[in-house]
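Peer 1: Each chain, written out:
Number of protein chains: 2
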Amino acid sequence: MADPCIIAVAITGSVPRKKDNPALPVTVAEQVESTHAACEAGASLVHVHVRNADETPSSDSDKFAAFLDGIRRHCPGIIVQFSTGGRGRALEQRGAMLHLRPDMASLATGSVNFPTTVYENPPDFVRSLAGSMRDLGIKPEIEIFDLAMLTNTRILVEEGLILPPPHVQFVFGVKHALPSREDILDFELKLMREILPGATWTAAGIGRDQFSVARAALARGGHVRT
Amino acid sequence: MADPCIIAVAITGSVPRKKDNPALPVTVAEQVESTHAACEAGASLVHVHVRNADETPSSDSDKFAAFLDGIRRHCPGIIVQFSTGGRGRALEQRGAMLHLRPDMASLATGSVNFPTTVYENPPDFVRSLAGSMRDLGIKPEIEIFDLAMLTNTRILVEEGLILPPPHVQFVFGVKHALPSREDILDFELKLMREILPGATWTAAGIGRDQFSVARAALARGGHVRT
Ligand SMILES: [Zn+2]
Ligand SMILES: [Zn+2]
Ligand SMILES: [Zn+2]
Ligand SMILES: [Zn+2]
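Protein sequence lines, in the order shown, are assigned to chains A and B.
Note that this note's numbering has the first sequence beginning at -2, numbered continuously upward.
Note that this note's numbering has the second sequence beginning at -2, numbered continuously upward.
Be aware that one or more of the hints could be misleading.
Given that identical chains are not distinguished, each listed pair holds provided it fits within a single copy or across any two copies.
Stated by the list, open to error - Each computed BS3-like pair below joins lysine-lysine, with the alpha-carbon atoms no more than 30 Å apart:
id, residue 1, residue 2
1, 15, 60
2, 172, 187
3, 16, 136
4, 136, 172
5, 16, 172
6, 60, 136
7, 15, 187
8, 187, 16
9, 60, 187
Hints are computed from structural coordinates only; laboratory data are not their basis.
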């Protein structure tokens, strides 16, 4: 493969806690060091959810700012992507840290069920986040948990809210969203190439699907997230 | 085609109002007569949303009961399907009329964006509706607005909440849910045949997509909704 592969590292996600894995980086200092180590191991993009003192996903701009500041000193070359998702965060807070101008931010372009809840991204909320990212020069990573999120991305490009070509991440293995199946990835890629010409892409599998999805993405010339 | 095709009639949907089309049946008496006419024209299934006095979708059990009673007298052979969807209806009211034991009821097995809102069907709500239908002997029509609703149906069958083989309806053309594309229908059918063996199916297009989707369904041996 001539094009280099971007390895993205999601150092924490939004669900795991220290009781699940004591190595989970939860404080900003731990997250900066974890990213630093991943960076030295070859990661070139970090996807981050900062956490509250009780380990739940946080919308605190000060924590995002401290993370960004730490990263710029410890591993200046890495691409920083803030999560605008994360379970339990209030809708109106999920984009509150975009003014810090990370390189990228995640953007789910529709709603879907998660294991026990609805992952809510109402149309006007999606438009508002996309417009803020465009205006602030932040590259969105479009999170595709279900097929209509891909077709909605085309609508947002047509509306001028997402600048082409988009960068898309296909997510697999969250219960009640799309399961990990290669035929679904292949169909998504075919549709993406038609409706989002020039798009770049990553695939990410959750939990036990992580390695099989990474293998499937690499085999198809995609980037990967670990 | 050896198997007969079921033509379902959705006499009102949930969105149109009399100002959009004066012929829209809104009162129970109008809905019974509209169904009677469709029945004589060849429809063998009616999908109904009863309406409030202001024409918004209603959850009033008395209206559903009056509709069922009228239908049984005017066109006793037709299959009656109550909608458990409909925009603006409270979640806890959407299954309140199932005790009337219609032949069928609609069941969306996930959440998705609609033009301006989130069509919310949280996992436990879906399980509760599916379990009520199973216990009352009501056949669900599984409404597939996005791909994960199809894979979720498999989970509900495995959980014993939907009795196999299910009856599935693929819906196209609602903005922010799946657009009307034959390649999407073909992929859904391929997946359905694998994960829901023996399933029967219909496809429905909304508004301007109604006839093209009906044609695509008929060409593939499916049932249709008008
Ligand atoms: Zn994340
Ligand atoms: Zn360091
Ligand atoms: Zn309906
Ligand atoms: Zn009559």
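Peer 1: Compare the structure with the hints numbered earlier in the document and write down the numbers of the violated ones, lowest to highest.
Peer 2: 3, 7, 8, 9
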